[in-house]
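K.L.:
Chain by chain, the residues:
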Amino acid sequence: MLISDDDLLSQCRTGDRDAFQALVEKYQHKVYTIAYRFVGNEADANDLAQEAFIKVYQKLSTFRGESSFLTWLYHITANTCRDELRKRQNKWTVSLDNPGPQPGDGTARVEGVRSTMAGPEEVAVAREVQRNLQRVLNQLPAEQKLILIMREIQGFSYEEIAQQLECSLGTVKSRLSRARAALKDLVVANAELFGLPGQVNALKGRG
Amino acid sequence: MRCQEIRELLSPYYDNMLDETQRIRVEQHLQGCEQCRQELEELKFVIELMQGSAEVLAPEGFSRKVMARVASPSAAEVGANGSAGQGWLRRWGRVAAVAAMLVAAVVIGIEVNEKGYFASNLSPLSVQKADKSQSQVGMPEVSPAGDEGDNPAGKVPAMLKEAKNKMATDGPGGHIASNSMPAGPGVQYDMAQPSVAGAPQALGSSAQERLMPGEARGPMASGGMGSKTEGGKELQRKDNAAVERKLITNGRVQVEVTDFDSAYSGIIKTVEKFRGYVENSTFSNSPQGTPPEEQYRSGRLTVRVPAGQFNAFLEEIKKVGTVVFREMRSQDVSAEFYDTQARIRNWKQQEARLLEILKQAKNVDEILRVEGELQRVRQEVEIMEGRIKTMGNLSEMAALEVELTQVKSKKVIQVPEGKNVFQRSAEAFIGTVNDLLALLEKSVVFLGGLAPVLIVLAVAVGLFLTFRHRKRGNPPGGE
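Just so you know, the sequences run in chain order V and L.
Taking our numbering, the leading residue of the first sequence gets 30, the next gets one more, and so forth.
Taking our numbering, the leading residue of the second sequence gets 174, the next gets one more, and so forth.
Pulled out of the complex, with its shape left as it was, chain V reads as follows (with noise of 0.2 angstroms):
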C-alpha cells in the first residue's frame, strides 16, 4: 500500500469515495474477522462488517487522528459487534446439541481461511483447527467472546478494554481471566480437535 491511512482519510474527508474504497479493501480482512469470529456464522459477519464500514464513514469527520486509524476502525467494530450483541442477546445462546450454523459444515469457507503453512496436509490440518477454534468460540457467552476477541485477536490493552467496556482495569482481567479459562476447559475437553500437545494431553488425564 503506497499511499498511508492518513492521506486517505484526508482524501476521504473531502469525499472521494475511491479512497474510502481503498481503506475497505485494505481492512476488510480484518474487520470481517473480528465480526466473523465473533458471531461464527457468514451473514451475521457479512453484515456486520459492513454496518462498522458505514459506521466509520458516517463518523470520518469526527476522527481526529488521537489513536491509530488501525485502532479506532477496531473500536468502531468492536462498538458494532457489541450492540449487536445487546440486540440479540437472547438469540445468540447456542446450546450445545444445537450450535447452529457451522462456519466449516458448507466448502464455501475452504476458500476463505488463509493460512500461512505450505503443504496442503498442513493446510487441511489447520483449518480444522480453525473451524474446531470457532465452533468452540461459539459456546462461549457472548461477553467472554467479545473480550477474548479484543484481547487476542484486535490486541487491545487492558486499559484499552476497560476504557471500552467502561469497567475497572480490575474487572478486565478477572473477565479475561475466566474468558480464557472457559475457553481452555472447552479445547481441553476436545484436546484431540486441536493438537494439544502430547505432554498435555498425557497430563490432563492425571488431573
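Note that these hints are calculated values from the structure, not bench results.
Glycine included, each C-beta is placed from N, C-alpha and C at the ideal position.
Each hint can be trusted.
No farther apart than 20 angstroms at their CA atoms in a straight line, the calculated lysine to aspartate or glutamate pairs in the DMTMM-like style are these:
| # | chain 1 | residue 1 | chain 2 | residue 2 |
| --- | --- | --- | --- | --- |
| 1 | V | 202 | L | 221 |
| 2 | V | 202 | L | 200 |
| 3 | L | 238 | V | 73 |
| 4 | L | 535 | L | 524 |
| 5 | L | 217 | V | 221 |
| 6 | V | 202 | L | 188 |
| 7 | L | 217 | V | 214 |
| 8 | V | 59 | L | 221 |
| 9 | V | 84 | V | 112 |
| 10 | L | 491 | L | 445 |
Per the computed footprint, the stretches of chain L lying under chain V, defined by three or more beta-carbons under 8 angstroms from a beta-carbon of chain V, are:
| # | region |
| --- | --- |
| 11 | 178-185 |
| 12 | 212-226 |
Take the given structure of chain V and dock chain L to it, following the hints.
P.N.:
Relative to chain V, chain L alone:
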C-alpha cells in the same frame, strides 16, 4: 485452595499485568506446583491458538457492497438487507407504531366524542374521576384500531417537518451564541466546510466541535499540566512570588468587512495602540478585468499583541466587521517553564562547583578535563535559557490570525431574511404545539369518557394473559 487462587492469576500473569508481589507469588508457586505449570501451559496454548487464528477473508465483492451502501445513505440507515438496519427498523418501527396508534386513537376518539356517543352521557364530575386511572390502562386497549391507520392525523408529519426546520436554523445559530459570537443565525453558511457527501449530520457536529476546543482547552491544559510534573509543583511552593501561569495563546478569527481598506488600516492602528506588531500579511485581489461591483478582496494577517490584552484586542477587532468564525487555543507551558528554570539553577550550581575544582587543579591534564566538563555544563545552560526565552516570548505575545474577507453589504441583509425563516418556523412550531395540546386535552377527556369500557376490556385482557401464561407454564420441561 492455594492453587485455585493462583490459577485465577495466571491470565494476568501471562499478560504481565500483575504487580510485583503477586507476580513473585505466582512464580514461586509455579516452581513447586506441576499442576499449575500445566495449567499455565494450557492457557498459553489457548491464547496462542486465538492469537494465531487465521484471518478470515471477507467474501468477494465485500467492498463493493459497502460502497453501494455508502453511496445511498438512506439505504445505510434503513438497512434493506443489513441486520443492524433491521434492528433500527424494529426499534423505530415500534415507536412509530405506538405513536400512530395513539394518534389514531385520539382522532377516532374525538370524532366519536364529538358525535356524542360516550361523553354526552357523563357528567363532568365522573370524567374528572376517571381521568387519571384510565389514561394508563387506555393505551394498549386502543391499539387494534390504530394498527391499520397509517397516519390519520396529517398534522403529525407536518409538525415533524416544522420541528426539523427549526432545528436546522436553530442548531448552528445556537452554538454560535454559546460561543459568545456576535453573529446571528444567518451567517452559518460561512462555517460549512467542504464535506463528505452523504454525512451532513456528522458534519454539523464536527463544525460544532471545531469551535469548542478553543474554549475548553485552556483550563483543561492548565489543570493537566500544572499537576503533571512534580518539579514544577515544588518550585511553585518554593518561590511563591514567581508563580505565574505561562500560557501560549493563539487564535484565529474570520472577519467579514464591507470596506476592506479602512478595515485593514483600522486593524493596523489597533495593533499599534496595543503595542503589538504585524508578523506577516498577505492579500489577494480579484483578477484584472473584473467589473468593479464584483471585485472581491481578501487578506490574512498574523499579529502579535501582549497576551494580557488579548481579549481587549479581540473586542477591538470585532468593531471592524462581522466576526463569522473564531477559534482560540492556549497551551499551558508553566510546568515546563518552571521545570526548565529549576534545571538551569542546578546546572549553574554545578558550574560553580566546577569552577572551584578548576582553581584547585594541579596540572594541565586536570585543567583540561575540568574545562571540558565546564563547557558541557555551559552549553546545557545556554540551550535551556534559549528555551525559557522562547517560551517567555511566546507567552508574552499572543498571536492572532485575522482573515479579512470583503463582502457586499447585501450579504448582511441575508440575516433578517434568515431570521424570518427562523421566526416563521418558530411560530409554526408553537402553533403546532398548541394544536397538539388542544388535541391532547380532547383526548384526555375522551379517554376519561371511555373509562368504563376500558376497565372491562382491561380485565378481560388481563384474564386472558394470565390464563395463557399459566397454560404455557404448566407442562413440565416446556422451556
